[in-house]
Every structure is written in C-alpha cells, then in structure tokens.
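For this one, chain A is given, so just place chain B on it according to the hints.
2 protein chains.
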Amino acid sequence: MRTLLKNGTVINVFTGEKEQSQVLLEDGRILGVGDYQEADADVTEDLSGKYLCPGFIDGHIHIESTMLLPAEFARAALPHGTTAVVADPHEIANVCGSAGLSFMLEASEGLPLEVYLMIPSCVPATEFDETGACLEAEDIAPFYEHPRVLGLGEVMSYHAVVNGDAGLQKKIDDARRRGLTVNGHAPLLTGRELDRYIAAGIGDDHECSLAEEAKERIRKGQWVMIRQGTAARNLEGLLPLFDEPFFHRCLLVTDDKHPADLLEGGHIDDIIRQAAARGKDPVTGIRMATLQAAEYFGLKRVGAIAPGYQADLLVLDDLETVAVRDVYKKGKKVVSAGKLLPFPNPVLNPKWESAVCGSFHMDRLSSKDFRLELEGIHCCRVIGLVEGQLLTEEVPREIDFDSQNGMDPENDLVKIAVIERHSNTGHIGLGFIQGTGIRQGAAAASVSHDSHNLIVMGADEEDMAFAANRICELGGGMAVVRDKKVLAEMPLPYAGLMTGASAGEAASQNELVRESLGGLGVPEGKELFMTMAFASLPVIPHIKLTTRGLVDVDRQRLVPLLAE
Amino acid sequence: MRTLLKNGTVINVFTGEKEQSQVLLEDGRILGVGDYQEADADVTEDLSGKYLCPGFIDGHIHIESTMLLPAEFARAALPHGTTAVVADPHEIANVCGSAGLSFMLEASEGLPLEVYLMIPSCVPATEFDETGACLEAEDIAPFYEHPRVLGLGEVMSYHAVVNGDAGLQKKIDDARRRGLTVNGHAPLLTGRELDRYIAAGIGDDHECSLAEEAKERIRKGQWVMIRQGTAARNLEGLLPLFDEPFFHRCLLVTDDKHPADLLEGGHIDDIIRQAAARGKDPVTGIRMATLQAAEYFGLKRVGAIAPGYQADLLVLDDLETVAVRDVYKKGKKVVSAGKLLPFPNPVLNPKWESAVCGSFHMDRLSSKDFRLELEGIHCCRVIGLVEGQLLTEEVPREIDFDSQNGMDPENDLVKIAVIERHSNTGHIGLGFIQGTGIRQGAAAASVSHDSHNLIVMGADEEDMAFAANRICELGGGMAVVRDKKVLAEMPLPYAGLMTGASAGEAASQNELVRESLGGLGVPEGKELFMTMAFASLPVIPHIKLTTRGLVDVDRQRLVPLLAE
Numbered sequence: 040m041r042t043l044l045k046n047g048t049v050i051n052v053f054t055g056e057k058e059q060s061q062v063l064l065e066d067g068r069i070l071g072v073g074d075y076q077e078a079d080a081d082v083t084e085d086l087s088g089k090y091l092c093p094g095f096i097d098g099h100i101h102i103e104s105t106m107l108l109p110a111e112f113a114r115a116a117l118p119h120g121t122t123a124v125v126a127d128p129h130e131i132a133n134v135c136g137s138a139g140l141s142f143m144l145e146a147s148e149g150l151p152l153e154v155y156l157m158i159p160s161c162v163p164a165t166e167f168d169e170t171g172a173c174l175e176a177e178d179i180a181p182f183y184e185h186p187r188v189l190g191l192g193e194v195m196s197y198h199a200v201v202n203g204d205a206g207l208q209k210k211i212d213d214a215r216r217r218g219l220t221v222n223g224h225a226p227l228l229t230g231r232e233l234d235r236y237i238a239a240g241i242g243d244d245h246e247c248s249l250a251e252e253a254k255e256r257i258r259k260g261q262w263v264m265i266r267q268g269t270a271a272r273n274l275e276g277l278l279p280l281f282d283e284p285f286f287h288r289c290l291l292v293t294d295d296k297h298p299a300d301l302l303e304g305g306h307i308d309d310i311i312r313q314a315a316a317r318g319k320d321p322v323t324g325i326r327m328a329t330l331q332a333a334e335y336f337g338l339k340r341v342g343a344i345a346p347g348y349q350a351d352l353l354v355l356d357d358l359e360t361v362a363v364r365d366v367y368k369k370g371k372k373v374v375s376a377g378k379l380l381p382f383p384n385p386v387l388n389p390k391w392e393s394a395v396c397g398s399f400h401m402d403r404l405s406s407k408d409f410r411l412e413l414e415g416i417h418c419c420r421v422i423g424l425v426e427g428q429l430l431t432e433e434v435p436r437e438i439d440f441d442s443q444n445g446m447d448p449e450n451d452l453v454k455i456a457v458i459e460r461h462s463n464t465g466h467i468g469l470g471f472i473q474g475t476g477i478r479q480g481a482a483a484a485s486v487s488h489d490s491h492n493l494i495v496m497g498a499d500e501e502d503m504a505f506a507a508n509r510i511c512e513l514g515g516g517m518a519v520v521r522d523k524k525v526l527a528e529m530p531l532p533y534a535g536l537m538t539g540a541s542a543g544e545a546a547s548q549n550e551l552v553r554e555s556l557g558g559l560g561v562p563e564g565k566e567l568f569m570t571m572a573f574a575s576l577p578v579i580p581h582i583k584l585t586t587r588g589l590v591d592v593d594r595q596r597l598v599p600l601l602a603e
Numbered sequence: 040m041r042t043l044l045k046n047g048t049v050i051n052v053f054t055g056e057k058e059q060s061q062v063l064l065e066d067g068r069i070l071g072v073g074d075y076q077e078a079d080a081d082v083t084e085d086l087s088g089k090y091l092c093p094g095f096i097d098g099h100i101h102i103e104s105t106m107l108l109p110a111e112f113a114r115a116a117l118p119h120g121t122t123a124v125v126a127d128p129h130e131i132a133n134v135c136g137s138a139g140l141s142f143m144l145e146a147s148e149g150l151p152l153e154v155y156l157m158i159p160s161c162v163p164a165t166e167f168d169e170t171g172a173c174l175e176a177e178d179i180a181p182f183y184e185h186p187r188v189l190g191l192g193e194v195m196s197y198h199a200v201v202n203g204d205a206g207l208q209k210k211i212d213d214a215r216r217r218g219l220t221v222n223g224h225a226p227l228l229t230g231r232e233l234d235r236y237i238a239a240g241i242g243d244d245h246e247c248s249l250a251e252e253a254k255e256r257i258r259k260g261q262w263v264m265i266r267q268g269t270a271a272r273n274l275e276g277l278l279p280l281f282d283e284p285f286f287h288r289c290l291l292v293t294d295d296k297h298p299a300d301l302l303e304g305g306h307i308d309d310i311i312r313q314a315a316a317r318g319k320d321p322v323t324g325i326r327m328a329t330l331q332a333a334e335y336f337g338l339k340r341v342g343a344i345a346p347g348y349q350a351d352l353l354v355l356d357d358l359e360t361v362a363v364r365d366v367y368k369k370g371k372k373v374v375s376a377g378k379l380l381p382f383p384n385p386v387l388n389p390k391w392e393s394a395v396c397g398s399f400h401m402d403r404l405s406s407k408d409f410r411l412e413l414e415g416i417h418c419c420r421v422i423g424l425v426e427g428q429l430l431t432e433e434v435p436r437e438i439d440f441d442s443q444n445g446m447d448p449e450n451d452l453v454k455i456a457v458i459e460r461h462s463n464t465g466h467i468g469l470g471f472i473q474g475t476g477i478r479q480g481a482a483a484a485s486v487s488h489d490s491h492n493l494i495v496m497g498a499d500e501e502d503m504a505f506a507a508n509r510i511c512e513l514g515g516g517m518a519v520v521r522d523k524k525v526l527a528e529m530p531l532p533y534a535g536l537m538t539g540a541s542a543g544e545a546a547s548q549n550e551l552v553r554e555s556l557g558g559l560g561v562p563e564g565k566e567l568f569m570t571m572a573f574a575s576l577p578v579i580p581h582i583k584l585t586t587r588g589l590v591d592v593d594r595q596r597l598v599p600l601l602a603e
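Chain order of the listed sequences is A and B.
Last residue of the first sequence: 603 in our numbering, with the numbers rising by one and none dropped.
Last residue of the second sequence: 603 in our numbering, with the numbers rising by one and none dropped.
Chain A on its own, in the form it takes in the complex (with noise of 0.2 Å):
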C-alpha cells in the first residue's frame, strides 16, 4: 500500500533546510520526495500547516533506568517522537550477565520503537563490585553478530584505557575490527590523557558538561552526545554546540530517565524543545537527533526523509515546540493524533524470563545482621551526604556503640547495610551515613549501581532486615519500612531493576514509594532512593559502601570502619 504524505514542511536533515513537498510511502521505505500526487497512492494524508520530520533516535540510553520493561518503555517514548534508542543495558548486564543481553533484546525484538544495544564493556564496573555477573571479552563477542547490536558500550573504566589495560583494550579492538562504534564515558578527561583515550579507540563522550570540555573532543575527532535526563542535564551548559560547526558532530541523549519525567516531561523532543527555548533552532536539534544519529552508529538509510530511508516519521503540528502529532514507524502509523496506537509485547524465552526474574540469591536476614559487633565509643568513617550531589564526604564521627549499636538518629546519624545478593556470598558492607533525614524505620532497594546488590538505610535493624528480606521476597524492588510494616513498596522484579508495569503506573508507584520517605522522617526533596542508587558505586568521590566494605574512592581502596 502506497501513502502520500501531501503538502506537509519537510525538515531536510542533510541540508538543514525546510520546503513543503511530497512524500511517498510503501512497504515501510520513502519511495520518494518531491512531485507526487494523489493518485500514486492508495491513501493520502493532507498535512499542510504542519512539518515532517525523521523520527527522534536517542543516542545512549539506559532503558532499566527507566524500571520499565522495553515494550513499557516503548509505549512512553513513542508519543514524544522516539522511534529508535541505542541502549547500553549495563544495569541488567551486572545483575544477570548474558542472559541479560539475551533478555533485553528479545524483550525489545519486534517493537514499533527500534532497540539498538551497545554491549556493556565494563562488568563489573570496578574491582570492589561483587556484581551478578562478569562479561570478558569472549563473553561479548557473540552479541556482536545479533543485528540489533551497534558495539561496545560505555568504557567507564577511563584510568584502565589511559594506562593501557590489556583486558580493556581487547574488548574495544574487538569491537573495532568489527567496524563497530565504542562509547565513551570519561568526565573531564583532558590534553594528553583524553588523547590516549581516544587513540584507544573510543568514539564519543556523554559525560561533558563545560562547552569548552566538549570542544577539545570535537576537535579530536569524538562526538559528543548532548546528555539532558533525569539526572544528569548538561544543556545548559553544552548550550554553544548548538552552533556551527560543533552541532555537526553532536547528538541528542537523556542516558538516565526516571518514568515520571519520560511521561510528563518527555523525551528527546523535550531537548529540542528546550534549546528552542534558549534560542537555538530546533532544525539543528532534529538534526542532531536523526541523521547524526545513525551515521554516527552506522545505520544505513534510517534518519532521513530521503529515497530509499526507513519511514520513520514524526509529524509536528509545531517546530518550536516539537508538538508530536503522528508517529510512523517502518511507514506504519503508530502514535496518531497523540495517541498511541496498541501494539502486542514481544514473546519472551521463559528461559531468560526466569533468569532475570529470579536473580536474587541470599539468605533471610535478622537484625542481628545489621549490629555491629563493637562496644564503647569509637571513632568512625561516616558517609556524609552533600545536599544535591551524587559524591559524598568522608566524615570522622565519634559514635557510641552502647547507644542503639552507635545509631543516632536525633542527629541524623543511622545506618547503611550494602547486602550481596546475587551469589548468596553472605557478604554485608556496614557503616554509618549522615545527612538522610531518616529518623525512625528503614528503607531497601535493588537499585543500587553499579552491581544492584542489595542497599538499606535504616533507624532500626529490625526494620532493616524487614525492609531487605521484603525485597528478596520481591524478587527485587523498592521498600520502605516502620514498625515492621510497609509503608509503600515497588516491586522490581526484572533484575531487581524493572517493573512489569506501565510507565503510568510505574510513575504512581515510584512517587508512592518517595511519598512514604515522609513516613521514616525525610523531609520532603531530598531524593533518598536516588542516594541509595549511588551510594555504593565506588567510582564517584569520596567515600562509598560495598559489600565488601567501605571504599576510599580517592585511593581507591577499602578502609575500615574504624578510623583509629
């Protein structure tokens, strides 16, 4: 069946330029832009006053950190224009190595939002992790022949690279030799060690945040991705590479993006929008997010309302505010007049499905697990919070053990517990936080990056091991726990990391869980569950909490407890 697609603005992402024109579909390609008319094709849509543009690619995203399932996750990207994500499953990789990969990409085969995956290089992400899995260089190999499968997923492990890690390198000359991209993640790497980094073969960043930052690389010939998500939002910042000749080497990318903002605040239209907002002329943007895209992964005809390209089509009844009308994908209509149009999920390999669904291995725990063995006063490493920042500072605090096992809540002083739980080690990481605003009961999650152990936070340890064991019981999720009862739960039971529901109740469900912080004494803004996602990964300073113990980031290196 042939569409014409009449009297729309084509936005022409090769030359930047905006003309109304004509355009032909069949079999889910453009046949042809230009001089057509009715009576080439079976159905006619009128378009005029409206604009026709390439749907949006988000460039690096990590689809668990949206805690939804792909088919979930497709349902909310699609209306705000995404018709193709290149996803770095780096979460679930942690958790439940291979099966993972096999896991996401049949849980994505077949939807109307296309799923690329970069295979993630670095699992475990450093030597504390006590991950669930790890992925060498053999292991990684196989996923290359999937079609589905773009390269090497972001090289964290940027001090390795710049000293010549042998491992590391393997894994990006695999991936090279393939003719495939190596993404980056190397935060204010400069002069000659981003230099080596590059030369390692790693091909863009997503971690800049200064102009001048992204320039240099430019200049040295990596692309930078735009990263504007939930957490993480470097526009602002990275404002000037909207402008010639940065923006020809950029992307549009949200990395991390919690449900509630996908739903509310959208996508990578919100980016464009945003820039539009601040001057910057959303042509460039779309660019950006749809022909940079794919040649910069090596996607062939996909990006462009060109002959021969993929039909993948956004019609906006706005350029400026990127409003998404319709959304075609492969020539089909799937998001029609803002609504999206119902598609099946993907069958899923029981295999993999009980795989990933039953990855927690631990024992139940008492709150005797949560005491310190210790009596008097000693002076300890506490982990001191920095209001709105992911690092922390490492705090010397004299605490008395006679006193509720050295708890103090009155002064903001309790307890956190890193739980290993995929390999029923029995390993506990236990220490001291401050700065939660937790005064009374506990709270638990899986998500916990980079390895997903098991994290609590908690006034009580009968209420710690409440509050873990009703984890495990999950399979994986979120909880937060008074007097032995839940005051509000998410289960996760994908990986830990991923719900089965939608993105609406996802969202519901998530703001529950934060409402009900207010229960245990949190005040209201202090994102709690997003510290407990940080809190243990040991590459973000000063001081964090694995199970093996506490880390010093800066040395990196474990350290006791006690700081005598």
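Simulated from the structure, these hints should not be mistaken for laboratory data.
The model shown is predicted, which means the values in this text are computed figures rather than measured ones.
Careful: at least some of the hints might be erroneous.
Heads up, the list lumps identical chains together, so a pair's fine if it works in one copy or across two of them.
The list that follows gives simulated cross-link-like pairs (lysine to aspartate or glutamate, EDC-like), each with its CA atoms no further than 16 Å apart [unchecked claim]:
| # | residue 1 | residue 2 |
| --- | --- | --- |
| 1 | Lys57 | Glu255 |
| 2 | Lys89 | Glu426 |
| 3 | Lys339 | Asp212 |
| 4 | Lys407 | Glu501 |
| 5 | Lys378 | Glu512 |
| 6 | Lys319 | Glu169 |
| 7 | Lys339 | Asp213 |
| 8 | Lys45 | Glu437 |
| 9 | Lys565 | Glu433 |
Just chain B now, kept in the frame of chain A:
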C-alpha cells in the same frame, strides 16, 4: 620511534578551524595533538609557518585512464598530496574480468598510496559490448572479503536500475547487505526517476555538471562527487557546492586523469587550488577531500589529524596554492621537500600478470578485412564527429564504393573498424567516419571504452591492417602508421590499457603518438585518440560502432551500414 611535528598550523577537518599545534606520531598513527614537547619525541620537525593537513583521498578514479600501473600512478600522485584513492577498475575488468581485479589488488599492495577498490558493477556495460569478461553478482561477491574493497563500482546502467533489473539490483543489495558503498553514475537524472535510482541503493553521483542537479541529489541523501578530471571538468559548474550547507555532503574526485595532466596539473590538490582561485576556502576543499571521503566510504580513523588516526599527513608551504612540501603515509615520510622518496614495486603473481599481459586473442588481419563487399553508389550511415565533443551525429552520405572502396579522404571521409580482440571471434564492425582529419595512413588503439576492443581509423586498408596487427603484436597500445611504417607507438601491454613505464615516460610517449597524427593530416588540437576511445561506447549519443556493427544509441539497436 616518536616524531613530533611542531609549530605547524593544523587544519582541523572536524571543525574547519586552523590552529597552531604540536602533533605527535608513533607507529604510523597520531598519538596526540596539542601541548607536546621535543622531550616527548625521538625526532622533531619544525613546521613554523607551514600548514599541516590530512592526506588527500580521490573518491573516484579509474587508474587505467592514467595508463599507469598502480605503483607508477602512486609515484605521480603522491607528490601532489594524494595518500589514498578509491579506484574503480572498470576498464581492466572489461578486458580481464576477475583476473584483472586480482591483478589490480596485487599491483597496489603495500604502496605508500592506499588503493581502495570498488568492484565494477556493469561488465559488460551494454548488451552490444563484446567484452573479455562478464562479472555477475557471484563473481563480485568474493572480492568483498578483501580489506581494500569498499563496495560496488559506479552503477552506470541507470535505466536498468530504474526499471527494476533484478540482476543489477542483486549486485546492489549484496554490497549493501555487507554495509558497503554503492557508487552511482546517472547524469541529469531527476525527479521520480532519480528517486527510484536512489531508493535502489545508490549512494552517490560523480556525473553532476549543474549545481541544481547536485543539490537535488544532496537533498535526497546522495553524496556528490565534484569531478574535475582530464576529460570531464565539472568544478566551475559545481562551485556553489563549496558553500554551506552543501559541502558537508561532497567529495572531490578526478574520475579520469591522463598522465601529463597528472604530472603537470596535479591531482586533488589542483581541484582545491582551482576552487581557491575562484574564492572558495581551501579548508572546505580539504575537508571534502579528507575526512568526508573517509567517512563516506566507511574508512575508520583515516582523513583527520586527531588521536588514533592513521598518520597520513601533508605539510603545505601555502594553503591557497596547496603547495605540498612533505607527505607522510602511515607516519613515514614519502615525499620530502617536494621530492618523492623511492619505494619498491609490489611483487606480482605471474598468474595474474600473464593473464593481464596476454589479453589479445585475435588472428592477424589483412587489408581485405577492412574492405566492404559493395559496388556502386549507396547511401550509408556515416559517423559524424562533433568538434570538441564525445557525442556523434548520424550523417547519411552517398558513398561510391567503386572508388577507394568508398573512402574519400580528400573530403574527410575515412574508414573505422572495431575488431573483437578478446575471444578471437573474428567479429569486425566496419563503417565510415567523417571529421577525423585523416588524409592518409591509419591510427589504431586498444583503449576503446568500455569493452576495449581494437579500434582503427584510416584512409588506407593496408595501413589499417598494419596498425591493427602492430597493436596486437604489442599486446595493446596506440599506434600511428603511414605507408606501412610506424610513425609513433605507445605500448600498453597491461590489458591493452596500461604501460609499465613511469608517468613521465608515459606522458612523453603519449605526446609523441598524439603529435604523429599530424603525419596523417590530422590538424593539431584534434584529440583523435580521445575520439577513438569513445567511438565504440554505445551509451553516448547518437551513433557508435561496435564489433557487431553500428549502434543507434538513441534507439539502443544495431543498424545496418546502408541507409537505403
């Protein structure tokens, strides 16, 4: 060994910026660009006052047209800053088929000028051609495994593509499925037909002569190769493509380049220079001829001065005149202060060399073979040359066969013969041609597009036979004969297309052959060998001669000599 190139002004092809910077090389690659010092290197070169840019890439050339073997071509092109070419061995493939392709790959192995190949798509070019070989999809596919093969050569049969020819589409699809490039050739195609041609999978065109023609292609996703060769010179008409936004989707190519023109005029450097003389930024030309060419053809880490990139570099004394001083190929200096440094010839496999050098298969001819068995006066279809053009006119002319078997040199009417020389079929096409200027003797050549059969023109059947036999003895070449004596000759023993001599010798020999045409009465300035090279190509209007006889090009059919 580490080399520091210091204080040069580096052309940044990612941004178009010029900046004085230090460049550090090692093992054929660029280690870094920026703040490096002499202490970082074993050797330092001071480039104060000079420019540093990536080596030039010719995106489309037929090396056979230079009449040089790849090594000699490299010796002529390197001093002009060419460090890579994408060659389409269409000519040798028409003569020697797969053996010719293998020969070209071997004859270009390990040269300090990288020769990438596109595998010819249209062998034979038309149904009228009697070629030495026929390349089907299954003959082409094995060559895609070679690391220097980048795709499918120019798809000239655009009518076949537009009309859905299955065999040709299979060749295109085979290349695309492998992620390879497919070159186009479709002069003046526009609108719906162009859409169909592009949608079939054709990525570029080098036949544009008008800026609007080129812009339509860019808007529709093709890359435009701005061609400025010896015969076809499109720079003037395409100068507007040097401006935003079009230059981002353009390359610079020569297509056909004769040895004297290559030596004296230059190569890609000359295109940039000519554009600069017409007010276009040489940096724009450099960007088209380096990074853009590399990226279009999917060459990774080639075409820029950036960390990890192959160290193919030029030192320019001056930017506007593109005065190439030094050339580095893979970090090694190959041209120093304008002088080529010696390098060895590739070792040739005797199997391919003997196939290529034994390409003539025909019996000796006598004057009888050039006589028409006709008596009296007949109206004949005469090929009428048009001054300065490759197209011809069909001229009906009363011919008296009782006088000189129809020839009338006094009135500029001589004979033309095209002799099948690949398979000894004995096929000879015989006809009349006017406008050559030949008054006596004969000229013969084995360079005769695209089948490269033996073509002879002359005012005397004895001399025609003598000249034809002489070319056969030489195994190919050009010869000018009068009274059964060779006035001048140029042997082209490699497939009847290329000499083993250097560019300088080839240019001198070619000059002598062309000058000797004066001995036949041909006025100076008439490029008779160029005329002969295209007099047998049944795709250029309006009438051509093949081994099977006259072809009415417009109607694409054989027509008899007698117009009665």
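To see whether the hints hold, each was checked on the structure:
In this assembly of identical chains, the alpha carbons of Lys57 and Glu255 lie at most 16 Å apart only when taken from different copies (14 Å versus 31 Å within one copy). Taking the closest pair of Cα atoms, Lys89 and Glu426 never come within 16 Å of each other, the shortest separation being 45 Å inside a single copy and 53 Å across copies. For a Cα distance limit of 16 Å, the shortest separation of Lys339 from Asp212 across copies, 13 Å, qualifies, whereas the shortest one inside one copy, 23 Å, does not. Taking CA atoms no more than 16 Å apart as the test, Lys407 paired with Glu501 passes inside one copy only; the shortest distance there is 8 Å, against 113 Å between copies.
Taking the shortest Cα distances, Lys378 and Glu512 never come within 16 Å of each other, neither inside one copy (37 Å) nor across copies (77 Å). Proximity of Lys319 and Glu169 under a CA criterion of 16 Å is satisfied in neither setting, with 45 Å inside one chain copy and 59 Å between copies. With identical chains, the CA atoms of Lys339 and Asp213 are at most 16 Å apart between copies only, with a shortest distance of 14 Å across copies and 22 Å within one. Within a single copy, Lys45 and Glu437 get their C-alpha atoms no closer than 74 Å, and across copies no closer than 58 Å, so neither meets the 16 Å cut-off.
Taking the shortest alpha-carbon separations for Lys565 and Glu433, neither the intra-copy value of 20 Å nor the inter-copy value of 88 Å comes in at or below 16 Å.
Checked against the numbered hints above, the structure breaks hints 2, 5, 6, 8 and 9 and satisfies the rest.
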